[in-house]
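Chemist: Residue strings, one per chain:
2 protein chains.
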Amino acid sequence: MSVSAAQVRDLRDKTGAGIMDCKKALAETNGDVDKAVDFLREKGLASAKKKAGRIAADGLVSSYIHAGGKVGVLVEVNCETDFVAKTDDFSDLVSDIGLHIAAMNPQYVRREEVPADVIESESNIFRNQALESGKPEQVIDKIIQGKIEKFYKENCLLEQPFVKDSDTNIEKLLTEAIAKMGENITVRRFSRYKVGEGIEKKSEDFAAEVAAMQG
Amino acid sequence: MSVSAAQVRDLRDKTGAGIMDCKKALAETNGDVDKAVDFLREKGLASAKKKAGRIAADGLVSSYIHAGGKVGVLVEVNCETDFVAKTDDFSDLVSDIGLHIAAMNPQYVRREEVPADVIESESNIFRNQALESGKPEQVIDKIIQGKIEKFYKENCLLEQPFVKDSDTNIEKLLTEAIAKMGENITVRRFSRYKVGEGIEKKSEDFAAEVAAMQG
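So the sequence lines, in the order shown, correspond to chains A and B.
Oh and the first sequence: position 203 is 202 in numbering that gives the first Met the number 0, straight run, nothing missing.
Oh and the second sequence: position 21 is 20 in numbering that gives the first Met the number 0, straight run, nothing missing.
A portion of the hints provided could be inaccurate.
Unchecked claim - Calculated cross-link-like contacts (lysine-lysine; reagent style BS3-like; alpha-carbon spacing at most 30 Å):
no. : chain 1 : residue 1 : chain 2 : residue 2
1   : B       : Lys-42    : B       : Lys-152
2   : B       : Lys-42    : A       : Lys-85
3   : A       : Lys-163   : B       : Lys-193
4   : B       : Lys-193   : A       : Lys-50
5   : B       : Lys-193   : A       : Lys-193
6   : B       : Lys-193   : A       : Lys-179
7   : B       : Lys-69    : A       : Lys-179
8   : A       : Lys-193   : B       : Lys-42
9   : B       : Lys-69    : A       : Lys-163
10  : A       : Lys-193   : B       : Lys-85
11  : B       : Lys-179   : A       : Lys-69
12  : A       : Lys-69    : B       : Lys-85
13  : B       : Lys-69    : A       : Lys-85
14  : B       : Lys-69    : B       : Lys-152
15  : A       : Lys-179   : A       : Lys-13
16  : A       : Lys-171   : A       : Lys-22
17  : A       : Lys-163   : A       : Lys-85
18  : A       : Lys-193   : B       : Lys-152
19  : A       : Lys-179   : A       : Lys-141
20  : A       : Lys-146   : A       : Lys-171
To be verified - Covered by chain A, per the in silico footprint, the following chain B stretches (three or more residues, Cβ under 8 Å):
no. : region
21  : 50-59
22  : 185-199
These are calculated hints, taken from the structure and not from any lab test.
Glycine residues also receive a C-beta, built at the ideal position from the N, C-alpha and C atoms.
Let the sequences and hints guide you as you build the complete structure.
Modeler: This is how it looks when you write it as structure tokens:
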């Protein structure tokens with residue numbers, strides 16, 4: 000049977016799945032929208048995107064302390080209910096993300112959080128590099144775009160390859176968790192401290208200090 | 000024997016102790032500045048203030064997770080050497096500060112970190128309160144000053160009464176630790192996350208959500 004545009008729109012609204020997936024689901028279920036919803040859920044193609052729009056205000060705050068207290072991470076991961084927050088699956092996910100942050104040192108959760116002036120200054124560096132290496136003007140924008148994408152992948156938690164499995168990334172890990180646990184799950188914020196980072200040890204003061212101690 | 004002003008100044012420069020303490024120490028040691036330094040060190044009166052100027056770039060990052068992961072704290076406390084960082088005394092101090100932050104929810108480490116516009120907006124609130132309650136103009140500045148001091152005590156970690164012993168505060172705790180451990184010790188930064196704080200749960204969406212699930 001043929002599938003109407005109205006049916007596809009209806010199914011998309013209900014599931015958030017892609018147009019082609021909706022068409023296929025409706026073809027499989029002879030245009031029965033309710034059955035098509037189940038079909039998409041079973042395939043794991045519905046829910047995740049639909050759920051990703053829901054408000055997640057419960058969850059866990061978790062920490063990961065590394066190297067005897069020289070690096071520490073605090074992370075908040077949200078889900079929708081305390082019921083899910085209390086499951087081992089959720090707790091394991093949050094632990095993995097904390098470990099990942101400790102190891103991979105992301106600067107932002109998502110690319111939307113990178114300040115515009117950071118991107119501008121990175122772009123300028125890449126532009127100058129490209130100009131100096133004699134690249135023709137017309138390819139420079141493309142080069143910069145590629146370098147900025149690389150910058151996002153290296154600095155944004157959600158886009159980083161997962162430290163325990165580089166075939167996936169944190170965003171995919173979350174999407175899988177959403178499909179599995181049936182709630183929207185988001186990484187809201189994190190802090191990563193490394194002892195003494197950015198504090199300048201004035202080594203030239205050492206002689207003076209010794210002198211002062213003996214003085 | 001009499002103690003000269005130059006000797007007192009010298010001793011103060013070396014130890015950071017108070018003028019009266021320096022005078023007393025010099026009187027006790029017949030004006031021998033080196034012996035007076037030892038005297039003050041033994042009394043624990045030297046060092047703390049002097050050491051408080053030294054660069055602390057080692058230390059520990061520690062976490063405190065409360066209420067099954069609903070509140071979490073990450074804190075960096077610096078000392079000067081890994082030797083001190085590895086002692087039980089230092090580790091206990093850092094744990095206590097983490098626990099304190101979880102319980103007392105400070106907003107800043109020290110009063111110098113409170114942004115000027117926060118103080119201005121607090122001052123305006125206090126001013127309007129005082130004016131409305133009919134306080135005479137000439138006492139209002141004094142009232143505001145008192146309220147701002149109270150604001151610092153409530154919101155700045157170093158000035159908060161210690162949660163495990165309200166007779167002391169965090170700054171005093173650090174000064175005692177400096178005297179005891181013989182290194183400068185500073186709280187550099189902390190993060191405190193409470194799950195879901197500031198995220199609005201749209202409860203009015205619940206009916207629509209149920210309808211959508213059944214639709």
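Chemist: Each hint needs a verdict: does it hold in this structure or not?
Modeler: Hints, verified against the model:
Between Lys-42/B and Lys-152/B, the direct Cα distance comes to roughly 29 Å. Compliance with the 30 Å bound is thereby established for this hinted pair. Proximity of Lys-42/B to Lys-85/A is assessed by CA-CA distance (about 52 Å); at most 30 Å being required, the pair is judged violated. Taken as a hint, the Lys-163/A and Lys-193/B pair is honoured in the structure, with Cα atoms around 27 Å apart against an allowance of 30 Å. Between Lys-193/B and Lys-50/A the alpha-carbon distance is near 23 Å, which keeps this suggested pair within the 30 Å criterion.
For the proposed pair Lys-193/B and Lys-193/A, the alpha carbon gap of about 22 Å is at most 30 Å, so the pair holds. Restraint check: the Cα-Cα separation between Lys-193/B and Lys-179/A comes to about 25 Å, which is no more than 30 Å; the hinted pair holds. Taken as a hint, the Lys-69/B and Lys-179/A pair is honoured in the structure, with Cα atoms around 22 Å apart against an allowance of 30 Å. Taking the CA atoms of Lys-193/A and Lys-42/B, the gap is about 35 Å. The hint is violated against a cut of 30 Å.
With a C-alpha separation of about 26 Å, the suggested pair Lys-69/B and Lys-163/A falls inside the 30 Å cut-off, and the hint holds. Between the alpha carbons of Lys-193/A and Lys-85/B the distance comes to roughly 16 Å, so the proposed pair stays at or under 30 Å and holds. For the proposed pair Lys-179/B and Lys-69/A, the alpha carbon gap of about 22 Å is at most 30 Å, so the pair holds. In summary, the hint linking Lys-69/A to Lys-85/B is supported, as the alpha carbons are separated by about 11 Å, within the 30 Å threshold.
For the proposed pair Lys-69/B and Lys-85/A, the alpha carbon gap of about 11 Å is at most 30 Å, so the pair holds. Between Lys-69/B and Lys-152/B the alpha-carbon distance is near 25 Å, which keeps this suggested pair within the 30 Å criterion. Proposed proximity of Lys-179/A and Lys-13/A is supported: the alpha carbons are some 18 Å apart, at most 30 Å. Proximity of Lys-171/A to Lys-22/A is assessed by CA-CA distance (about 24 Å); at most 30 Å being required, the pair is judged to hold.
A hinted pair counts as satisfied when its Cα atoms are at most 30 Å apart, and Lys-163/A with Lys-85/A qualifies at roughly 23 Å. Our distance criterion of 30 Å between C-alpha atoms is met by Lys-193/A and Lys-152/B, whose separation comes to about 28 Å. With a C-alpha separation of about 38 Å, the suggested pair Lys-179/A and Lys-141/A falls outside the 30 Å cut-off, and the hint is violated. The hinted pair formed by Lys-146/A and Lys-171/A meets the criterion: a straight-line CA distance of about 22 Å does not exceed 30 Å.
A count of 7 residues in the region 50-59 of chain B with a Cβ less than 8 Å from any Cβ of chain A is obtained; the coverage claim is therefore met, three being the minimum. Residue count for the region 185-199 of chain B with a Cβ under 8 Å from a Cβ of chain A: 9. That meets the three needed, and the coverage hint holds.
Going down the numbered hints, you'll see the structure goes against 2, 8 and 19, while the others check out.
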